[in-house]
Amino acid sequence: MDRKRSGHIISRGLEYAITFFLILAINFFLPRVMPGGPLLSITGSQSADLPVVIDEEMKYKLMEYYHLNDPLHIQFIHYILDALHLDFGYSIFYNVPVVDILIGRLPWTILLMGTALVFSTIFGIIIGLESAWKRGEKLDHALLVIMPFFRSIPAFFLGAIMIFVFGYKTGWFPTSGAITPYMNYSGFSDYALDILSHLALPMLCLAAFEMPGTYLLVRNVCVQQLGKPYVLMAEARGLKDRTIKKHVLINSIVPVINQIAAMLGFMVAGTVFIETVFSYPGMGLLVYNSFIERDYPVLQGAFIFMSLVVLACNYAADIACSYIDGRTGQD
Amino acid sequence: MKLSKRSISLFISLLLVSTVIAALFVPASASGEDSTEERVFTASWGTSSTADWGFPSPLTFYPRGPGYIMTSYCFDALVWPEESGDFTGLLAESWESSDDGLEWTFHLREGVTWHDGEPFTADDVVFTMDYIKGKASISPIGSSWYNTGVINSVEALDEHTVVITLNYPYAPFMQQVAAVIPIMPEHIWEDVEDPSKYMEDEAAIGTGPFILEDYDTDQQSYKYTANKDYFLGEPIIDTLIYVKTSDVVISLKTGEVDESGLTLDQVQALDESDNMEVISGPGYWVYRLRFNIPSNTILNDTTVRQAIYYSLNCSDIESRVLHGGGIEGNPGYVPPYSSWYNPDVTQYEYDIEKANQILDDAGYSETNSDGIRLDSEGNPLEFQLLYSSDQQSQRIAELVQTYLKEIGISITLKPGDTKTVDGLVGAGNFDLAIYSHGTSTDPARMLNSFPTSTGWNNSEFMALAEEQMSTMDEDERKELVDKMQVLIADNVPTIPLMYRNVYSATSKDTVTGFFYTDGGVGGGVPTEYNKLVFIYGTWNGDNDDTAEGTTENAASSIGILGSVAILACTFILIRRGNS
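Top line first, the protein sequences correspond to chains A and B.
The UniProt record's numbering puts the first residue of the first sequence at 1, with every later residue one more than the last.
The UniProt record's numbering puts the first residue of the second sequence at 1, with every later residue one more than the last.
Among the hints, a few may not be true.
Said to hold, decoys possible - Incomplete in silico selection of chain A near chain B, CB under 8 Å:
#1 Gly177
#2 Ala178
#3 Lys228
#4 Lys246
#5 Ile292
As the list claims (entries may be wrong) - Sample of chain A residues facing chain B (criterion: CB under 8 Å; computed from the structure):
#6 Arg105
#7 Ile179
#8 Tyr182
As the list claims (entries may be wrong) - Covered by chain A, according to a simulated footprint, are these stretches of chain B (three or more residues, beta-carbon under 8 Å):
#9 52 to 59
#10 208 to 217
#11 253 to 262
Just so you know, these hints were derived from the structure itself, not from any lab.
Using N, Cα and C, we set each Cβ at its ideal position, and we do this for glycine too.
For reference, chain A alone in the conformation it holds in the complex (with noise of 0.2 Å):
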């Protein structure tokens, strides 16, 4: 059984392997199909202030500069490399290493992502079990059409209407950025206090998006715990509810990881709106100006960290699911 069950985690991380080279390549193709190139963003455009007049030589010495001018497989070929490096150039908008700016970036994201995962998916047990528990009650009825409602503001409406309300009308929270540019903090717990105030707002907003998902899915899984035999068994002698609900929990729990891990994706996703809402330093709002600019090597690099945290936490949590239940390996 455990041989099968290393059998199976080397397998998937196969599988995971081949996916993140597939990433790789979309990543290389999909910005350069698209029209506007990174050059009209340094030698001016329709947007910038001042129309910039640029000669055919100064193209020619910037596409070379940025080996733009190479065949395409030529150019993939080297990004490939690179990329096991963790080499993923220059760039061309903030004008240094990719990874200088995704290593600031980075903690931002995984710190914003990260709590509003741990908050989402603690509450959206807590309340489903209990949902489930008292299935057709009026607090069920209640649940089942206020989490819908949370997944169905899209991300930058809600964040707009919280910075209003809480950022703005009470005063409670920062409206922007992740810190207090430029205070003078009195020790660690004032530094803390600052990030948390500025990371309350963006994270209950990506956990209200994240949320209704595991609630409504851990209401399914239980409710369907709740009808089977060994509930009405544990009933039957008298097991106090706490008890039962722990079994329930425990026997709902892997297609609820399961469910995370996929979420994360969306997640991501997610994170690009309230970033952009909230000016929240991470790697969303970096993604969305990158994209405007064009700047494929920032785009790039970011895809490609972003999908390696997914992918990394997919198989942790593949990994986790073959621990807590003995068939997942088995099929």
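Once you have looked at the hints, place chain B on chain A.
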């Protein structure tokens, strides 16, 4: 009984949590007091998608207006425009030119030092001009932002006199060269091979009124401290901060920023209690209709373009899109607030009948069942209109579509993001496009680029363009520029729909004295951030940063307390349901 026990435990845990949090913020409010005396001014570039304009050094900033402004705080040019657009001396105290306009002599200010204490001399000026010229091919900024192409040679006569010799007489020399090129310290840059990658702390050392303390590309913020030894006098503030905000109006109202550029709609969202001083100025920002000349055979016909012009009510478009935050377009392209404006050009007053008549005469009198005109081969006059999907362009495109329908021209709307539009237009893959961009203030930049920016090639226009650039006599030059505008209005290579004004709001408790420079700064950037504001403006008492800091801390603590309480309540509710 059971319930009350729970309530007590909830109460105690809340109390515990709040004590911990209170302990967290108490030292914070105490520490704020150190900065009572500091005059901190926080500004924002408004609603652009980014607030990162690159490292503020002459060859590394992001080559758009804001990037140059951020650099101009650290670096000085030889001269600089005042509010009136007249030049005041920065590094040069006085200057004169030879009669043929080929030789410019600058007498430099004495006793100026760089931020690191080294003395500034004529050699630095010589070095800068040669260096930028030499490195132009490496940095896109060098070639596009600094017009070193007109410079033949630069020579230091003595420690404080520099002579710049031009290749040919260049009328906009002062505005486009002397008032733009930032003078760099030779002792720092002499060994720098690749300036586009040189972003050490020293790279921001200049002679300017502010010293760069921090540039944070992640938070998209800049921090400058005042150069107390600045030769024009000490700046009126101690610290200048630029930040990115998610909503400028809210940030202004909450005091997160003291000043920001705004649109008219945003200005209207402010009210009297906000205690703001609002200024407005010429934006030199045009919204125009672009034609695919010469590829589209129908639109290549001047009379068709004229008919389209007659069919558009530009003042209506302005009021519906900018709500009075701009002025309608001028057929001669130069906006009326420019000193180069020529009012005596062909006007295209909104006149549907005339438009229809012109199209009938041009051979498009047949229409199909939808009322769309047909060309000689029986195909309907149907064009794609490309536009970037921002709100204004979207609205303009819809209005243009409605107006053209009136004269039997069918328009298919084709939105895309800015870069997509640029890309498609660049590839010639379009019929019509809505463009919006800055236009510069000097005719050499505003008009001479017409052939590239419209696809319209007119030899008479080109000859005038060449000539006005090297005409040193102001009146003669004006005459030539007038003629250029007449040609534009007659040929309609593009239709200027409207020009957008620019607005800025400043908290009255901080700095007053902001203005829009006539002709713009840095070669024509229409901005309220002329660095002279921070020298000659007024600081109005303190905006009490201490109090602000404390409130903010307290506020965020309340917020956190609030959310903890909400969480606790949810938890309790659920627990209650449990039993």
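Evaluated hints:
no.	hint	verdict
1	Gly177	6 Å, holds
2	Ala178	7 Å, holds
3	Lys228	21 Å, violated
4	Lys246	12 Å, violated
5	Ile292	6 Å, holds
6	Arg105	6 Å, holds
7	Ile179	7 Å, holds
8	Tyr182	5 Å, holds
9	52 to 59	holds (count 3)
10	208 to 217	holds (count 3)
11	253 to 262	holds (count 3)
The earlier numbered hints that this structure contradicts are 3 and 4.
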